[in-house]
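Kindly produce the complete structure, drawing on both the sequences and the hints.
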Amino acid sequence: MNVLGIETSCDETSAAVVRDGRVVRSNVVSSQIALHQHHGGIVPELAARAQLTAIIPVVEAALAEAEVELDELDAIAVTCGPGLAGSLLVGVNFAKSLSYSRSIPLVGVNHLEAHLYANWLSSPGDESSTQPEFPILALLVSGGHTELMLMTGHGRYTHLGRTLDDAAGEAFDKGARLLGLGYPGGPAIQNAATGGRTDAFPLPRAWLGTSNDFSFSGLKTALLRAVEPYRLPDKAAEPEDDEPFRKHRPPRFRDGLPVSDLAASFQEAIVDVLSMKTANAAHLLEAPQVVLAGGVAANRSLRARLAIEIEARSGAMLRVPALDYCTDNAAMVAAAGYFALRRGAQAGWELDVASRLPIGGANS
Amino acid sequence: MMHMATHQMRERAKDPRYRVAAIDTSSDRAGVALFDGVDATVLAWNAHRNHTVDTLAQLDHLLRLAGIPLYQLDGVVVGTGPGSFSALRVGLSLAKGLVFSLGVPLAGVPTTDAIAAHLAWLDRPLLAVMTAGRDRVVWSRYEGGSAIDGPVNSTLDELRIAAKSSGAIVASETELSLEDAIVLPAGARVEQMARLGWTRLQAGQRDDAALLEPIYAHGRRPQKAMTA
Ligand SMILES: [Zn+2]
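Sequences listed follow chains E and Z, in order.
Using my numbering, you'd call the opening residue of the first sequence number 7 and step up by one each time.
Using my numbering, you'd call the opening residue of the second sequence number 3 and step up by one each time.
Fair warning: there could be bad hints in the mix.
[Stated by the list, open to error] To give a feel for the contact side, a few chain Z residues facing chain E, derived at Cβ under 10 Å: (1) His53; (2) Leu58; (3) Leu213; (4) Pro216; (5) His220.
[What the hints assert, rightly or not] Partial pick of chain E residues on the chain Z-facing surface, computed with a CB cut under 7 Å: (6) Val49; (7) Pro63; (8) Ser109; (9) Arg211; (10) Gly215.
[What the hints assert, rightly or not] Ranges between beta-carbon positions, derived for each pair: (11) Trp213/E with Arg136/Z: 44 to 50 Å; (12) Glu66/E with Arg126/Z: 29 to 35 Å; (13) Leu186/Z with Ala70/E: 48 to 54 Å.
Because the hints were derived from the structure by calculation, they are not lab data.
Just so you know, even glycine gets a beta-carbon here, dropped at the ideal spot from N, CA and C.
In structure tokens, the structure reads:
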């Protein structure tokens with residue numbers, strides 16, 4: 007069964023063809039990073055504009071790469087939320103038209119659920135790999151979400167904990183801004199941390215007792231305080247011109263800002279909390295399988311540390327998606343769509359976008 | 003792009019009329035239309051910002067009413083605004099999906115062109131106006147059916163001054179009270195869009211479906227990046 011996945015929830019336009027929810031035949035991603043970089047973050051209106059001009063070339067490329075014609079598709083899976091409404095609607099409406107004009111079943115996919123399903127994907131040639139086995143303890147870490155949950159079957163989730171303030175990816179973005187490292191923050195901090203001392207700055211960890219919840223806003227404040235002595239006053243703001251989208255002005259520092267040590271200490275604090283809490287939960291729940299998912303799952307330090315902590319504290323198997331399937335991509339959407347279709351989900355022409363959508367909820 | 007089944011080819015051969023479907027999601031007053039050079043079939047409704055939910059279902063409804071199967075479309079026409087950026091992108095995304103799938107050409111028609119075409123019989127200079135949020139309007143000036151100027155994003159007062167100095171009639175989709183100006187309703191936009199697009203497509207003038215965008219007529223309200 008060939009499923010075309012379409013993902014336009016934020017700043018990547020992606021289309022993929024996945025067979026039987028597992029085998030990736032193509033996965034084309036058009037990134038807008040360069041577009042948003044000089045604004046210091048994602049400008050929703052610009053993201054939506056770029057989605058609209060990327061959608062045809064990206065879908066065309068995904069079909070061509072998979073050597074699949076539209077009529078050979080068994081279903082179309084499209085992200086319908088959560089995300090930026092203006093970006094989401096490009097993928098959803100395009101997918102509806104394809105589905106309508108070719109009588110191909112359509113299914114709406116929850117973006118967060120799709121991230122988890124990245125763990126079901128395997129590349130061609132590696133098709134013999136085993137599937138994750140339920141029950142699965144899942145740590146989902148991205149720019150908008152930090153959630154620990156138990157997946158007891160396809161589409162069945164029990165929430166164990168979530169962030170009370172910033173998401174882990176958001177913490178990376180804000181930290182990178184404070185250090186003048188630019189956007190996106192995760193890769194920027196990871197690179198800057200290379201060679202830095204993780205214990206150079208004693209940054210706080212919010213353990214929150216035995217709770218499975220997370221909190222990263224205190225960490226951000228501590229980093230701000232550590233950086234403050236090096237900070238130079240901002241230049242006087244330039245007069246507002248006709249530019250409709252505001253340019254980002256990075257902070258200015260005196261010489262001697264220990265960027266590498268600060269980045270390493272900051273990253274370590276986030277990785278510490280995520281790894282220890284997940285490993286503890288795996289131990290207490292006796293979960294046989296742990297999966298990591300979401301954009302922050304691409305962080306090398308987190309991947310390594312989580313493996314160590316889980317090995318040390320529980321007998322669980324850890325599964326981590328290939329790097330290409332951690333950041334936003336349509337292969338994971340096709341995989342999630344495939345398993346949703348097998349559960350009988352199908353969307354009608356009234357499928358809507360939802361900027362907020364709890365996991366387990368999709369308009370399908 | 004894609005191959006059409008042979009029985010569909012034969013069906014189309016029996017139907018010599020060149021036929022287009024038009025989609026207009028420039029504002030809450032949304033519409034879909036079919037035009038074949040003779041007959042126009044139109045469906046217009048108030049989308050209440052639910053364009054994503056409504057529009058394809060309305061197009062499906064229209065095709066059923068008219069008894070036209072999708073494969074009998076020779077082209078797709080879409081309104082490019084000015085208007086609500088998000089709403090416009092709903093129509094454009096649907097239109098892009100349709101032409102990609104059906105392998106037919108796409109024509110984008112500015113929404114103000116459609117408004118001007120509706121009132122072309124007046125034979126007077128015209129300001130075709132779309133609302134753009136609170137107290138702001140976007141308009142283009144037309145003479146003899148062609149756009150001379152615009153789109154301009156301005157305050158209502160600036161529009162009033164422009165109307166007064168040019169002696170133009172104002173055509174607006176929403177009620178405007180402008181002193182010293184004649185304001186007429188904009189009329190059935192989507193039908194005019196279908197007619198204008200039909201003429202362009204018949205003449206072989208198609209837009210690049212991948213690159214087609216709404217007309218982004220900005221006011222002065224800088225947008226900041228999300229992560230602050
Ligand atoms: Zn994501």
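- [ ] Check each numbered hint against the structure and report the violated ones by number, ascending.
- [x] The structure breaks hints 8, 9, 10 and 12; every other hint is satisfied.
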